[in-house]
Every structure is written in structure tokens, then in C-alpha cells.
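Residue numbers (my numbering), protein chains in the order written: chain U, 1 to 423; chain X, 1 to 470.
Where hints are given, some of them may not hold.
[To be verified] Within a straight-line C-alpha distance of at most 27 angstroms, the following computed DSS-like cross-link-like pairs (lysine-lysine) qualify:
| id | chain 1 | residue 1 | chain 2 | residue 2 |
| --- | --- | --- | --- | --- |
| 1 | X | Lys470 | U | Lys277 |
| 2 | U | Lys413 | U | Lys164 |
| 3 | X | Lys71 | X | Lys102 |
| 4 | U | Lys404 | X | Lys335 |
| 5 | X | Lys389 | U | Lys69 |
| 6 | X | Lys245 | X | Lys260 |
| 7 | U | Lys205 | U | Lys166 |
| 8 | U | Lys164 | U | Lys257 |
| 9 | U | Lys413 | U | Lys210 |
| 10 | U | Lys353 | U | Lys277 |
| 11 | X | Lys47 | U | Lys101 |
| 12 | U | Lys107 | U | Lys277 |
| 13 | U | Lys252 | U | Lys404 |
| 14 | X | Lys389 | U | Lys101 |
| 15 | X | Lys80 | X | Lys102 |
| 16 | U | Lys404 | X | Lys389 |
| 17 | X | Lys47 | X | Lys80 |
| 18 | U | Lys413 | X | Lys301 |
| 19 | U | Lys205 | U | Lys219 |
| 20 | U | Lys219 | U | Lys101 |
| 21 | X | Lys296 | U | Lys413 |
Don't read these hints as lab results, they were simulated from the structure.
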Amino acid sequence: MKKTSLALLTGLLSLAAQAENIAVVGGFVHTMSAQGSVDNGTVLIRDGRIEAIGQGIEIPAHFRVIDAKGKIVTPGLIGAYTSVGLVEVGSSAGTVDASYKPQDFSKAGSALDVSYAINPDNSVLDVSRIEGFTLAATGMSSTHTLFGGQGAIISLGDSDNLVKPKAFMSLSVNNGGADDAGGSRASLWPQVENAFAEAEALNGKALSAKDEWHGYLSKADVNALIPVVTGKMLLVVDARRASDIRQVLAFKARHPKLNLALLRATEGWRVADEIAKAGVPVILDPEPNLPYAFDMLASTMANAGRLDAAGVQVSIGVETHNLRLATQHAGNAVANGLPWQDGLAALTINTAKLFGIDKDYGSLEKGKVADLVIWSGDPLEAMQAPEQVLINGEAIKMESRQTKLRDRYLNLKRDTPHQYMRP
Amino acid sequence: MKKQQTGRLLLATLTMAVLAACGQKADKQPTAPLVEINKDPYPSTYKALPSPATLITNVSILDGIGGQIEKGSVLFQDGKIVAVGTQVEAPADAVVIDGKGKWLTPGIIDAHSHLGVYATPDGPSHSDGNEATKPVTAQVWAEHSIWPQDPGFRRALAGGVTSLQILPGSANLVGGRSVTVKNLPGRTIQDMKFPDAPYGLKMACGENPKRVYGNKGGPSTRMGNVAGYRQAWADAQDYQRKWDKYAEEHKAGKNPTPPKRDLTLDTLAGVLNGEILVHMHCYRADDMGTMLDLMKEFDYKIASFQHAVEAYKIADRLATDNVCSAMWADWWGFKMEAYDGIRENIPMVHQAGACAIVHSDSDLGIQRLNQEAAKALGDGQRAGIDISKAVAWQWLSANPAKSLGIFDKTGSLEVGKNADLVLWSADPFSTYAQAERVYIDGGLAFDRQSPESWPVSDFELGQPGEGDVK
Chain U
1 MKKTSLALLT GLLSLAAQAE NIAVVGGFVH TMSAQGSVDN GTVLIRDGRI
51 EAIGQGIEIP AHFRVIDAKG KIVTPGLIGA YTSVGLVEVG SSAGTVDASY
101 KPQDFSKAGS ALDVSYAINP DNSVLDVSRI EGFTLAATGM SSTHTLFGGQ
151 GAIISLGDSD NLVKPKAFMS LSVNNGGADD AGGSRASLWP QVENAFAEAE
201 ALNGKALSAK DEWHGYLSKA DVNALIPVVT GKMLLVVDAR RASDIRQVLA
251 FKARHPKLNL ALLRATEGWR VADEIAKAGV PVILDPEPNL PYAFDMLAST
301 MANAGRLDAA GVQVSIGVET HNLRLATQHA GNAVANGLPW QDGLAALTIN
351 TAKLFGIDKD YGSLEKGKVA DLVIWSGDPL EAMQAPEQVL INGEAIKMES
401 RQTKLRDRYL NLKRDTPHQY MRP
Chain X
1 MKKQQTGRLL LATLTMAVLA ACGQKADKQP TAPLVEINKD PYPSTYKALP
51 SPATLITNVS ILDGIGGQIE KGSVLFQDGK IVAVGTQVEA PADAVVIDGK
101 GKWLTPGIID AHSHLGVYAT PDGPSHSDGN EATKPVTAQV WAEHSIWPQD
151 PGFRRALAGG VTSLQILPGS ANLVGGRSVT VKNLPGRTIQ DMKFPDAPYG
201 LKMACGENPK RVYGNKGGPS TRMGNVAGYR QAWADAQDYQ RKWDKYAEEH
251 KAGKNPTPPK RDLTLDTLAG VLNGEILVHM HCYRADDMGT MLDLMKEFDY
301 KIASFQHAVE AYKIADRLAT DNVCSAMWAD WWGFKMEAYD GIRENIPMVH
351 QAGACAIVHS DSDLGIQRLN QEAAKALGDG QRAGIDISKA VAWQWLSANP
401 AKSLGIFDKT GSLEVGKNAD LVLWSADPFS TYAQAERVYI DGGLAFDRQS
451 PESWPVSDFE LGQPGEGDVK
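Construct the entire structure; sequences and hints are all you get.
Structure representation (C-alpha cells):
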């Protein structure tokens, strides 16, 4: 206990010592808040949080000034559905914490919890954050279980990475989900309903080791579903064809407490009004526009724009190693009908709202965590990139393993072997 | 039973003796006609769309060989480019298109596609890209797997792709023949085959073959992979010698028996003869270094390394040996040999004087290859590599055309070349730019402004989303 307190205290001290007060000056600031966009704006950052934003703000003494004249300033981007921090190399290179082979302890998968598995030293964090991503929702990618486990929100900063453990529970009701549930939606949905009935029957009280239990789910799995059935934990449901999306909306109608988001919603545009009416936000992977399976026949890159036009809150950013593609995906969604401002919202504030972290993240507002990006130009343009990223108010090193490899080989004309050359 | 057999044998011997006697009587053996191998048994039946005289004016032109013309014009007719410049005269009946604010480029050529061999909807029924039954399958031809109804062809067309190479997968050391096609939907693959394009041969380095065959009799290591290629080339050399000997003896009137056809060795010998171009899937720099020696050992040409994730580490050697690298802008980390992928790979290869190609290997990536080039160009420029957009467009058209052996026909906006071109709504290095009009051999193959003209594959007919914007 003593040890823990000491560790905590040291952590706090080191944070306070590191926190530099910064003024980002002269940029075109997209606050993504009610303040809108501010030309030639100043963002004051004190102790890792935003103190003020506006034009002509006086810069207090001892604030380091970062010149953003001619640049675009946005909130830090949020990976909407990733496995960042859980997978280093995808195939044939050892443990991948984003995948799970079902075991008796958790046959239904709901007890899986990625907050134990996140590795802040994972190289994907550096690679992603220099591309403007400061947070990511991260979860399991392959479980072959009814539920895909509990995901977390992580910061890509240098410390305090676990922002929100147990942030969401995953569920797939697409073809893949049906396959894992015995091959049919006719089995999948009764299993989901049963799992909910068992969790609801506990009336909010988790089973202890001593409790007698005759349910179908394991104790660990049913306990993990309690916050889901009470609406305290977001349920993210991957549904693709229109009829599956309708099933999800009907499920929410049967379980009104449920806090629900749709993932992928490939044919969402066909039922956009119903999604909007149910107030369910969606996380889109807007690129796939091919009929990869019979549950995504009507896939189109116009999906994001059509959902947005119907009043659905849209998030974009389903990737892991190449999280930077999310800006390109949003740009392509814009080229296919999504308003630009909503494209940027899909990478920032919408995702913060979806995961219930908008009190601290997702926009540049007084009191929020100072995660922000200074861009060379339009963040949704393929040729533009971040010039400086701030996370928790700290200007991060704009370096990754990849930039070091680049620098090592930029000049191939060397007299000594490359590995003996310092970058 | 036994008796009968003996009788037959006797009869056979007698017949031969009679024939021999006849030959002797004529005093000269009749020479059997020379057995030759038909090298084009599945010929192209491609027919271009009508190509009326068309003039696109007042447009920003990237000519694909490094030049940029502002307020330029391009005239094309009967499938060929007739004129490029700022002062272009057009016939009175020419279709004139005002390109104000728009950009005109050569059509994009994807050097690495699996459209049709891994068609959508995907699944075992459409998994036709890897003949993963033994490590060397040079006898298989991708064109015999391709489903021309793959909706991916139409999507790629909307992304400005006018030609593409379709390859077998990378499970095998030698995966089989590739084929280069025009991206114009046809009923059979022969309807799409690029006339007179040489065949390619897909080969693969590294992790994939050893993973696939590690428990299926090998190879299970990289050294096993290399032994496999070497034996295959040695066998092909032997096969070549047999056919050469046969041809020589035939020429000398010796009436030789032709060697037994071997479809695997036909293709491999085609590489050694310089008729078939090798496109080799390799990620690691050291793997590519070994392959450069291998090609010298057996005296053949590797036209391109495919993926070449570490090409930036040996770009100088690739330049010296004149081997192209077909690359992604930013894919990395999905396996160990992709772990050192960097965003500047393409511009760094270009900077070293080697041939850089932007490829897709993806039915989504192929729709936005211009954006892949844009990302690579931006990343290169930020690393201090000074490349213009006009020069960078070579990655999308001229260089892939060179690697496929079709640069004499397409890949740049030069007079006399095929009128394969794309009119973009804006600067194609922008995320927001879209291909508005795509011409293949001067025929308007895609017109974004006219939704009723968008091609819809048979598979998509009658399905949700039929004819929708994609």
C-alpha cells in the first residue's frame, strides 16, 4: 500500500515538473466546439489543460510560444475502433494480445479486458501519434466468441496511457458473428438475448465466488455484462446489412437502458432515418465499397455523407497499424458527400461523445485536456501532415521507429555499414 | 492371354520392320514437321470502344514523363493520342471538352492486382489466386482464374485505372503467369487482355512460401526457398537445351523426336528466353539482394520487385541492376518482413535513381492509387526529397508500363500512344479529386457525370445498391 502511494505521488510530481505552459499562436484553429473556427487564434495551455482560446489573447509570461501562423490547428484525433497497443506484428511473430482462442473461463468473451494488455511501448503508438492521433479506442480484433470483450480508451502520450478502462463491450451481429455463434443469426440473437437476460437477472449485483450460479454464461462473463445491461458501459455492435441494423435497433427498443453504438453499418444509409431516430451513433470504416459478403451488398462510399445528412452522428477511424489512413478515409467521405466540418468531427468530437469522454477530450475548449495538432494544411488532404502534436499539453517528439529507419537510409552513400551510423 | 500378347508384340515388330524397309527403299527418311509451341493459345479478343476525335482543352496536363502543361490541350482520335500542347488544332467535328480547373493525366496502371482471381464477394468459391498445391506452379495462368464479373474492375475504373496486371498470389515460390488487361469490362477474360502485352511470372520471396509449405513438405526456410528457385531454373535450362537440340537436329534433317511438353518448364524457359517478365514478391532488402544474384546466376531479368517494403535500404543496388519496385505508400507491420516499412519508401527509391511504382495489391487501394502517390510524395517532400507532381506521376503510369513491357503503347501522354487517359475533377494529388472521365484507347469508359452509364457487373444486377454511386 505504501509503495503504491509513493509511486502515485512520484507520478504526479513528474507530471507537474514536465508540464510546460504553452501558447500556440497564429493558427487557424478548428475548436470543434460551439466557438467554431478561429482565424489567427491563440490557444493557451497551462498544466496540460486548455486555459483559453481566441483572438488577441495576451500571452502570460513564461509561456513557451509555438508559432502556428499559416497552419491549421485541430483537436488531437481519436482512433475510433483500433487495436493500438495490443498488436506489434500481426502474423507469425509471437503473441498478439488483440486475439483470443476461446477458453472455458470466458466462452462468451465478455470477461476479456484489454486494459491489462495494453503496452505503451508498442511501436504503433509513436507511428500513430506523429500522424495526429492522440487517443484511441482499442479493443480485441479476433476472439470467435459471442462478445468481443471490453475495450479501453488509451492516450498515445508519454504517460497516463490508460484513460478509460472498460470503456466499451464489443459484439458482432454480422456474418462473422453468425459463423462464430454456430453458423446462423437464428442462434446468434437468442444467445445475445439469453446473455442479457442472465445479466439483467443479477439486478446489478455481481456474482461472488461463493454464489451458486446455474446460468449458461460463466460467472466472469455474466458479471462483465452487468454494466452493459445497465447502460453504464457502451455496447459497440458491428452490423452490416440493413436487416441486421434493424435487429440492433429493435434490440435497443427491447432493452431501453442500453447505451449503444453501431460499428461499420455498411448498409446504414438504407436505414439512416431509423438509426437517427433511435439516436444511435455509428463508427464507420467508410472505404469498403465492394460486396465483400452478402451482408454488405449495398456498400458505398456515400454512406458517411448520407448518414450524416439524416442526422446520424458519424465517427471514422477503424484501423490499427495505419491509423493515419483515417484522415484519408474522412477526406474520401467528404469527396463523397460528407461536409468537411463533419469529416473532422468524425475524427474528434463525435468519437469523444460516442465513448463518453467529451468532458475532457474531442474539442479545444477551456478546461479540456490539451491534445492538439498543428498541421501543415488541411488534415484531410493526403499530402498534408502534422508538424507538431501536443498530448496532455506536452509537445511530443515527432519521431518513431519509422522516422529513424528513414533517417538511417536517407543517404545510401556511406563508407561504413548503416547499422553503425547514428541517425 | 499371354499368347495373345506375344502375338501383338510380334505384329508390332513386323510393322516397324516393314516401315524401316520402306524408308530404306526411298533412300531418305521423311522429316516430320517441326513441333513448335503455340505461345498465344488464348489470344486477346479485346475490342476498343468507339473513339471519335476528342479535344480536351484548357486543362492542367501531367504528361506522365515528368512534364506539366498549364492550360494545355490533348487531342485524340481512333484510339491514339494525336496532339499534346498549348496550341492544338482539332477537326471541326471533334468532341470538345472544357477542362477548366481540371487535370488530365495518363490512365493509372496498377502493376499488382488480384481482381478476378480473388473476386468479391470473397470466400472459398472465389479464392482462385493461389494454386497452393506445390511450391513451383509455373504451369498455371492467372487468366484461367479471372472472373470478369468481379465488381472490383468497375470500381477501379472509377478510380482512373485503365490497365492492370493480374497476378497469382504469393503462396508459391513460382506462382504462375500473370496477365495484363485493359480495364474494360468483358464477358471473358480474353475480351480484356491487353493486345501484345508480354506475359509476366509471379514469384515470391520470404515468409509466405515457407509458411504455406513449412508443414507440406517444404520449403520451410528462406534457404529452402532459394534452393527451390535455383532448381526450377536449372530444370528450365535443361528443358531449353532439349528444345534447342531438337530444333538444331530438325534443321539438320535428323528427324528428331520432340521433347515432351512440360507446361511448368514452358513458362520458366519463357523467362530465360526473355519473353516472360518476372515480378517477384519480396519485402526484405536482403531477400532482394539474394534475388539480384539469382537472376545473374541464371541470366534472366527481374522486371520488378513487388511490395519491396525495404527497397529504400538497397535502392542504389536496384538502380544499378535496373529492377523496378512496386510499393505501397504506407502498409507495414502485418508480418515481420513488413515491420520496417516506412512512409518514404517510394520517394527514396525514386531519389536513388531506381524505378518506383505505386501499386495496390488491394481492391480498395486500386481505387485511389493517385492518393497513395500523394501520400508518398508529401512524405518524401517533408523528408527533403524534391520531387514534383509531374515527376511523381511516373510512379502511376510510365513506370508500371515499363515494368509490364507496354510502355511503347501506353503510360504517357505522347503522340501515337494509346489514348488511355483520365480527366480529374481537381489536382489528383488531392484527397477530394475524383476521376470524372476515364478513356481507354480513346473510348469513354467511365463518365462520373452520367450515372446511367456506370458499368454494373452481372453480380450486382438486382441486388441492393445496384447502380448506386460507389
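Now the hints, each set against the structure:
no., hint, verdict
1, X:Lys470 to U:Lys277, "holds (26 angstroms)"
2, U:Lys413 to U:Lys164, "violated (48 angstroms)"
3, X:Lys71 to X:Lys102, "holds (10 angstroms)"
4, U:Lys404 to X:Lys335, "holds (19 angstroms)"
5, X:Lys389 to U:Lys69, "holds (26 angstroms)"
6, X:Lys245 to X:Lys260, "holds (13 angstroms)"
7, U:Lys205 to U:Lys166, "holds (17 angstroms)"
8, U:Lys164 to U:Lys257, "holds (21 angstroms)"
9, U:Lys413 to U:Lys210, "violated (70 angstroms)"
10, U:Lys353 to U:Lys277, "holds (17 angstroms)"
11, X:Lys47 to U:Lys101, "violated (52 angstroms)"
12, U:Lys107 to U:Lys277, "violated (34 angstroms)"
13, U:Lys252 to U:Lys404, "violated (49 angstroms)"
14, X:Lys389 to U:Lys101, "violated (48 angstroms)"
15, X:Lys80 to X:Lys102, "holds (21 angstroms)"
16, U:Lys404 to X:Lys389, "holds (26 angstroms)"
17, X:Lys47 to X:Lys80, "holds (14 angstroms)"
18, U:Lys413 to X:Lys301, "holds (26 angstroms)"
19, U:Lys205 to U:Lys219, "holds (12 angstroms)"
20, U:Lys219 to U:Lys101, "holds (18 angstroms)"
21, X:Lys296 to U:Lys413, "holds (24 angstroms)"
Figure legend: structure checked against the earlier numbered hints; hints not met, in rising order: 2, 9, 11, 12, 13, 14.
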